[in-house]
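Please take these sequences and the hints and turn them into a complete structure.
Number of protein chains: 2
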Amino acid sequence: MGIRLAYLGPPGTYSEEAAVDYAPEAAHVAYSSIPAVVRSADEGEVDEAIVPIENSLEGTVTFTVDLLIHQSKLKIKGEVVVAIHHCLLAQPDTRIEDVRVVYSHPQAIAQCRSYLSRQLPDAEHVASLSTASAIEDMRKSRHPAAAISSRRAADILDANIVESNIEDVSNNQTRFVALAAKDGRRTGYDRTSICFDFSEDAPGILYDTLGELASRSVNMIKIESRPDRRSLGRYVFLIDVEGHRDDAVVRDALAGVEARASMFKILGSYPRAEALE
Amino acid sequence: MGIRLAYLGPPGTYSEEAAVDYAPEAAHVAYSSIPAVVRSADEGEVDEAIVPIENSLEGTVTFTVDLLIHQSKLKIKGEVVVAIHHCLLAQPDTRIEDVRVVYSHPQAIAQCRSYLSRQLPDAEHVASLSTASAIEDMRKSRHPAAAISSRRAADILDANIVESNIEDVSNNQTRFVALAAKDGRRTGYDRTSICFDFSEDAPGILYDTLGELASRSVNMIKIESRPDRRSLGRYVFLIDVEGHRDDAVVRDALAGVEARASMFKILGSYPRAEALE
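Line order of the protein sequences matches chains U and G.
My numbering puts the first residue of the first sequence at 1, with every later residue one more than the last.
My numbering puts the first residue of the second sequence at 1001, with every later residue one more than the last.
Worth double-checking, as some hints may not be accurate.
[What the hints assert, rightly or not] DEER-style ranges, computed between Cβ atoms:
(1) U/Ser-199 <-> G/Arg-1142: 45 to 55 angstroms
(2) G/Ser-1033 <-> U/Arg-100: 16 to 26 angstroms
(3) U/Gly-204 <-> G/Arg-1234: 19 to 29 angstroms
(4) G/Ser-1217 <-> U/Asp-155: 54 to 64 angstroms
(5) G/Asp-1093 <-> U/Lys-222: 52 to 62 angstroms
(6) G/Glu-1124 <-> U/Asp-201: 38 to 48 angstroms
(7) G/Ser-1170 <-> U/Asp-201: 15 to 25 angstroms
(8) G/His-1143 <-> U/Asp-208: 50 to 60 angstroms
(9) U/Ala-83 <-> G/Ser-1170: 41 to 51 angstroms
(10) G/Ala-1202 <-> U/Gln-91: 49 to 59 angstroms
(11) G/Asp-1122 <-> U/Leu-129: 17 to 27 angstroms
(12) G/Arg-1234 <-> U/Ser-231: 23 to 33 angstroms
(13) G/Glu-1045 <-> U/Ala-27: 52 to 62 angstroms
(14) G/Ser-1032 <-> U/Arg-100: 19 to 29 angstroms
These are computed hints drawn from the structure, not numbers from a lab.
Quick caveat, the model's predicted, so the values are computed rather than measured.
For every residue, glycine included, the Cβ atom is placed at its ideal position computed from N, Cα and C.
Pasting the structure below:
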């Protein structure tokens, strides 16, 4: 598979792990922010882009979703789920009891809060741009330092793992989506993402619209609302359903939704990822 | 009104503005984080706590909502909407063309990105803990500096406003809720917030549950999903409806929702805030 696939770098991030899982043979190209990752595919620098869309603890990555609603013309072509396991790293000559600073992405620090307050109660927490760049920050630190990062980043950057799986809540998973000019072909086990809003605030209008799905037994997997960015209390709805937009029943249901909506957009149909255990 | 009202400080934040709007006569008590604000009311240090719950651009403040779902026993007793207008501040002896650093809360910096890239293209952006503390950071800066903050913070801290309303998108508003041991009394113009989940993933179960509202013409103002924190793809739903839980029709509808749900919680009934223009 000779495609070029953009991801949120540097190498060793969970995004890179998702990119490798999704397309092992692709050329993986690192960008420094989610907008830059998306723009690279929008402008054809790469064939596809992989971005985080949902985490089992934090919920929707609103930043990604808002780009898909308001800016990008890309379609969702695939999805992949990555298990998030954080490790504590330290320099080989650093004793854990001496550590005074812990570097990581703020979300990773938040997800290891219990562990840190138990094991390193006096260490200061300092934000890094990514879990992978935390390793560099640790190495450059003037004080005895540790970093929180993935096993993959530790391996790639040849860092020393002190303890694995230090996250407070197990079952921490992130779902990533692959974006491309066209969405996925029908496989028989698909998921379709749509977004829409209404021009007026009629009572029951959302319920009636969901009836277009329910009356045809099209199963809704997820419903989310995002601000429409024009006024407080008005929303764009994002819905994921089982099935492909080329399935006859899904096609009819989506036509029914579109007829009731003001803005309506199919974000893509794509093969469903297997759930992780 | 001799109550003690906790808010996310320091004085001059938009949270303080909400606290003053909501209860001008209260003793306003600053805390340094949203969890600390909520805890102060949970533990009875204060009578009520005011926290941001939704912004017209960023959407739900998931942090607040997750505290209400999973941790706090407090009820929503009231709401207030604050218009967000950012100002550019500088020291009186600083020329704008010399500014090399701009301090503010990352969200405020993000909301003024176009202005900054137009007016201060070469300045570095540095994160402060709040828009109010950005003023202190500016004053301590070794380089010519500016800050982004509210007019209120500038007034309180006697700082010099260079330009007002520098936000990229007008109509930036934040809705705050007041939390207390008991929710609000029926006024005839109320809003009720609930959350619930389902023990199984039956097709159509959410649609059927929303039917408990729609069949009684109880109008849904907002629907939101949050991860249930146990597994990816399972959600807690948050719904706001028009009316008070003591209105007969709302009471019946909520009983219908509760009967279909696994977990069910009324977060509170409270008088609706007037929309801002």
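Now for the hints, and whether the structure bears them out:
For U/Ser-199 and G/Arg-1142, the hinted distance range of 45 to 55 angstroms is satisfied, since their beta carbons lie about 53 angstroms from each other. A hinted range of 16 to 26 angstroms for the beta carbons of G/Ser-1033 and U/Arg-100 is consistent with their spacing of about 23 angstroms. Taken as a hint, the range 19 to 29 angstroms holds for the pair U/Gly-204 and G/Arg-1234, whose Cβ atoms sit roughly 27 angstroms apart. Distance hint check for G/Ser-1217 and U/Asp-155: the Cβ-Cβ separation is about 59 angstroms, which falls inside the suggested range of 54 to 64 angstroms.
Separated by about 54 angstroms at the C-beta atoms, G/Asp-1093 and U/Lys-222 satisfy the suggested range of 52 to 62 angstroms. Between G/Glu-1124 and U/Asp-201, the C-beta spacing of about 43 angstroms keeps the proposed range 38 to 48 angstroms intact. Between G/Ser-1170 and U/Asp-201 the beta carbon distance is about 21 angstroms. The supplied range of 15 to 25 angstroms therefore holds. Between G/His-1143 and U/Asp-208 the beta carbon distance is about 58 angstroms. The supplied range of 50 to 60 angstroms therefore holds.
Distance hint check for U/Ala-83 and G/Ser-1170: the Cβ-Cβ separation is about 43 angstroms, which falls inside the suggested range of 41 to 51 angstroms. Hint check: G/Ala-1202 to U/Gln-91, Cβ distance near 52 angstroms, so the stated range 49 to 59 angstroms holds. The hinted window of 17 to 27 angstroms between G/Asp-1122 and U/Leu-129 holds, with their beta carbons roughly 21 angstroms apart. Distance hint check for G/Arg-1234 and U/Ser-231: the Cβ-Cβ separation is about 31 angstroms, which falls inside the suggested range of 23 to 33 angstroms.
Separation of G/Glu-1045 from U/Ala-27 is about 57 angstroms and conforms to the stated range, judged on CB atoms against 52 to 62 angstroms. A C-beta distance of roughly 22 angstroms is found between G/Ser-1032 and U/Arg-100, which places it inside the suggested range of 19 to 29 angstroms.
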